[in-house]
Amino acid sequence: MKKNLRFYVAFYLAKLARWTLKVLKRNASYFPGKLAITICPDFLGRIDKPKTIIGVTGTNGKTTVCNILEEALRKNGYELIDNHLGSNVNSGIASSLIEEADNRGRQKKEIAVFELDERSAVKIYPYLVPTYLVCTNLFRDSLRRNAHTEFIFNILNKSIPKETKLILNGDDLLVSNLAKENERVYFGIGRLETDEDTCHNIVQDISICPNCSSKLEWEFVRYNHIGRAHCSKCDFCSPQIDYEVTQIDFEQKNMTIRNNGIEETYDIMNDNIINIYNVLTVISVLKELGMTKEQIEKGLEGQKIVDTRYSEEMINGIKVVTHLAKGLNPIACSRVFDYVRKQPGNKAVIMILDNLHDAATSSENTAWQYDTDYEFLNDDSIKQILIAGARYLDGLVRLEIADVDKDKIIAKRKELELVQDLDLEGIDKVFILHDLHSTELRDRIKEQVREKIEKERK
Amino acid sequence: MEEEKKIEILFPEFCNLAGDSSNMRYLRKCMPKAEFIETSFDEEMTFTKENVDLIYLGPMTESRQEKVIEKLKPYTDTIKQKIKENVTFLFTGNALEIMGKYIENEDGSRIEGLGIFDIYSKRDMLNRHNSLFKGLFEDIEIVGFKSQFSMSYGNNENCYFAKVEHGIGMNPKSQLEGIYDHHFIGTYVIGPILILNPLFTKRVIEMMGVDTPYLAFAQETMDAYKQRLKEIH
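Just so you know, the sequences run in chain order H and X. Each residue of the first sequence is one higher than the one before, starting from 282 at the first, in our numbering. Each residue of the second sequence is one higher than the one before, starting from 215 at the first, in our numbering.
Hints may contain errors.
Simulated restraints, written as ranges between beta carbons of each label pair [as the list claims (entries may be wrong)]:
1) H:F531 to X:L340: 42 to 48 angstroms
2) H:N540 to X:L340: 39 to 45 angstroms
3) H:E462 to X:L340: 23 to 29 angstroms
4) X:K285 to H:N540: 52 to 58 angstroms
5) H:T333 to X:E258: 53 to 59 angstroms
6) X:K285 to H:G598: 54 to 60 angstroms
7) X:M339 to H:N540: 36 to 42 angstroms
8) H:D686 to X:E249: 24 to 30 angstroms
9) H:E582 to X:N319: 49 to 55 angstroms
10) X:N344 to H:E575: 49 to 55 angstroms
11) X:M339 to H:T333: 44 to 50 angstroms
12) H:K461 to X:D256: 51 to 57 angstroms
Examples of chain H residues toward chain X, derived with CB under 10 angstroms [said to hold, decoys possible]:
13) D486
14) S488
15) P491
16) C515
17) Q650
Derived by calculation from the structure, the hints in this document are not laboratory data. Here a beta-carbon is modelled for each residue, glycine too, at the ideal position from N, C-alpha and C.
Whenever a hint applies, use it, and build me the whole structure from the sequences.
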C-alpha cells in the first residue's frame with residue numbers, strides 16, 4: 282500500500298501525540314497508534330516496515346519468548362524494533378512503527394520482533410505480513426475474551442498470510458495444524474521421563490480427531506494437549522519435529538537439540554518445562570535466521586527469566602520464590618501449580634490470583650478456576666496454602682473440591698493479613714503466586730515474608 | 215436411595231468448556247454412592263438402553279454442537295419421553311441450544327436442532343456476551359455468569375428456568391432465562407452452577423428422588439453463595 286494524504290495526516294498527528302505524551306512522561310506505547318488507525322484505518326499497511334518481521338503469537342509464553350529473542354538479537358549486533366513496552370494489538374504495533382520511523386515515515390532498522398495478540402490477528406495480518414510467525418501454543422485463556430481454543434484457532438487459521446513461514450510448537454496438536462498450506466518448521470521436546478500415557482489435567486482441548494472424531498492414541502502426554510498423538514482411524518497425527526530436544530540434563534541445566542541430524546547443547550536458563558519450551562522456541566527462530574551455535578550461545582548468555590515473572594531468593598535458609606500465575610488463564614496457573622508441587626522440599630504457597638479490576642468494580646467470573654488443576658496443590662510436600670483476595674471464599678471451595686485438607690488452608694479477604702498466619706515450621710520454600718496485575722501486592726507480601734523469616738529463622 | 219442413582223455425563227471429553235465439568239465433580243462429592251457414567255462420543259449412550267436419573271451435558275464449541283446434534287438426533291423421541299417421565303436433565307451453556315428448532319449462523323445458514331423446545335438460537339461470533347447473572351428459580355436465587363457467542367429466542371414464558379433479577383435472559387431483550395420443563399433444566403448460566411448455588415444443587419438432587427440430599431462443603435459453598443448474592447445487584 283502506498284502512503285496517501287490521510288496516512289501523512291495520521292502519521293504526523295500520531296508523532297505529535299507521541300512527543301506530547303513523552304514530554305508529559307506518559308506511556309506512549311498505545312495511544313499514538315490508536316490515533317493513527319482511527320484517522321487512517323489501513324495505517325499499518327501504509328507505514329514502512331522493516332525487511333524482516335518476526336511475529337510471536339500463542340496463548341502462553343509469547344512475552345518471555347520475545348524478551349529472550351530480542352535480547353539475543355541485540356547481543357549479536359542487530360538493531361530492532363519491538364513492542365515489548367507496549368500493547369500487542371494493532372495499535373501497539375503501529376505505535377512501535379511510528380516511534381521508530383523518521384519524519385518521512387521511513388524505517389531505518391531492518392528487523393522487527395512483535396508480540397502479537399492472537400485475538401487481534403484479523404486486525405494485524407491484512408496489513409503486516411510477518412516473515413516468520415512463531416506460535417507457542419493454543420490453550421484456554423480468558424473465557425470472556427478468548428472463549429475457547431477452536432475460536433482462536435479459526436481466527437489465526439483464516440488470518441495468517443500465505444507468504445509467512447511458520448515456526449510452530451509441534452507438540453501442540455492445535456498449533457501444528459495451523460495454516461496447513463504455509464511453509465513451516467516445528468520445534469518440540471521428545472518424550473521425557475516425567476511424561477505420561479494419559480492426560481491428568483482437567484482440560485485437554487484436543488482429545489478426539491478433528492477430522493473423523495475417533496479417539497486419539499497418545500504416544501505421550503506432557504500436560505493438557507501437549508504431547509504426541511495419532512488418530513486411531515485416520516492419518517491425523519503429530520508432525521515430524523525439525524528442532525527436537527532429545528535430552529534435558531536438569532543437573533547441568535542444559536538441553537540437546539537435534540536439527541537435520543546434528544545435535545547441539547544449549548543452556549536451559551530455568552528448569553520449568555514452560556521456560557524450556559520458551560528457550561527452545563527462541564533457538565529455533567535464531568536457527569531459522571541462520572545463526573550459528575556460537576552466535577546463539579552469545580545471544581542467550583547471561584539471560585534469565587525477567588523478575589516480574591519469576592524470582593527466587595534465599596532468606597536465612599528458606600527459598601522465597603515469586604512466580605507469575607496469570608489469573609483467568611487456567612493452563613498458565615496449572616503449569617505453575619504443577620511446578621510448585623514438583624519442587625523438592627516442604628513448601629508453603631501464598632496465592633493472590635484474583636482480578637483486581639473485577640474486585641474493585643464487579644464480581645469476577647471464577648469459572649476459570651474449574652479449568653485449572655488446583656488438584657496439583659493437593660500434595661504432601663505442600664504444607665500450607667494461603668489464599669486472599671475478593672474471591673477468597675471461592676478459592677476455599679475450589680481447594681476443598683480438589684480434596685486439599687482444610688487444615689492446610691488459610692483463606693482471608695485482605696491480602697496483607699495472610700503472612701501473619703504463615704507457618705514456617707519445617708518449610709524449605711515459600712512460593713508467592715501472583716496475577717499479572719498484583720505485582721505491588723506481591724512485593725509487599727514478599728517483604729512481609731522476609732521480615733517473618735528473619736524474625737523466626739535467625 | 216442415593217446408592218441407586220445413576221447419572222450419565224454425555225461426551226465429557228469435549229462438552230466441558232468454562233469449567234462446567236466441575237458441576238459433575240461436585241455432584242460426585244454430594245452423592246458419593248451414586249453411579250456416574252461418562253459416555254464418550256464414540257460410545258452408545260446409556261439413557262437409550264436403560265434408566266438413568268440425571269443426564270448432564272456441558273458447554274461445547276460451535277463445531278462440536280453440530281456433531282452432538284447428529285449424535286442425539288436419532289434419539290429425539292427417547293429424550294422427549296424421558297422428559298415426560300420426569301428424568302432430570304441438566305444442560306449448561308450452549309448445550310441448551312441443541313434442544314431448540316435450529317441454530318442460525320451469521321450468514322443465515324441453519325443447523326437443525328432436536329426441535330424439542332420452541333426456541334431457536336443465533337450465533338454472533340464477532341460479539342461475545344459476558345455478564346453476571348442473578349435470577350429466581352422457584353424460590354431459590356440463582357447466581358452465575360454468562361459468557362457466550364449465541365442467544366436463544368422463542369417462547370419460554372411457560373417453561374423458563376429463572377426470572378432475571380440481574381443480567382439478561384435467553385437474549386438481551388428477555389427477562390426469562392433458560393428452560394425448565396418437567397425436570398429438564400437448560401440454562402446459559404455457567405459457574406459451575408451447582409457449585410455456585412448450593413440450594414439449587416439440593417433441589418436438583420431432590421428432583422432425582424433423594425429425600426435428604428447431602429451437600430459437600432455445605433458451609434463453604436453457602437458462604438461463597440451469600441457473598442456473591444451481595445455482589446450481584
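Structure-based check of all given hints:
{"no.": "1", "hint": "H:F531 to X:L340: 42 to 48 angstroms", "result": "46 angstroms, holds"}
{"no.": "2", "hint": "H:N540 to X:L340: 39 to 45 angstroms", "result": "41 angstroms, holds"}
{"no.": "3", "hint": "H:E462 to X:L340: 23 to 29 angstroms", "result": "25 angstroms, holds"}
{"no.": "4", "hint": "X:K285 to H:N540: 52 to 58 angstroms", "result": "44 angstroms, violated"}
{"no.": "5", "hint": "H:T333 to X:E258: 53 to 59 angstroms", "result": "55 angstroms, holds"}
{"no.": "6", "hint": "X:K285 to H:G598: 54 to 60 angstroms", "result": "59 angstroms, holds"}
{"no.": "7", "hint": "X:M339 to H:N540: 36 to 42 angstroms", "result": "39 angstroms, holds"}
{"no.": "8", "hint": "H:D686 to X:E249: 24 to 30 angstroms", "result": "27 angstroms, holds"}
{"no.": "9", "hint": "H:E582 to X:N319: 49 to 55 angstroms", "result": "53 angstroms, holds"}
{"no.": "10", "hint": "X:N344 to H:E575: 49 to 55 angstroms", "result": "50 angstroms, holds"}
{"no.": "11", "hint": "X:M339 to H:T333: 44 to 50 angstroms", "result": "33 angstroms, violated"}
{"no.": "12", "hint": "H:K461 to X:D256: 51 to 57 angstroms", "result": "25 angstroms, violated"}
{"no.": "13", "hint": "D486", "result": "8 angstroms, holds"}
{"no.": "14", "hint": "S488", "result": "4 angstroms, holds"}
{"no.": "15", "hint": "P491", "result": "9 angstroms, holds"}
{"no.": "16", "hint": "C515", "result": "13 angstroms, violated"}
{"no.": "17", "hint": "Q650", "result": "7 angstroms, holds"}
Going through the hint list in order, the structure does not satisfy hints 4, 11, 12 and 16.
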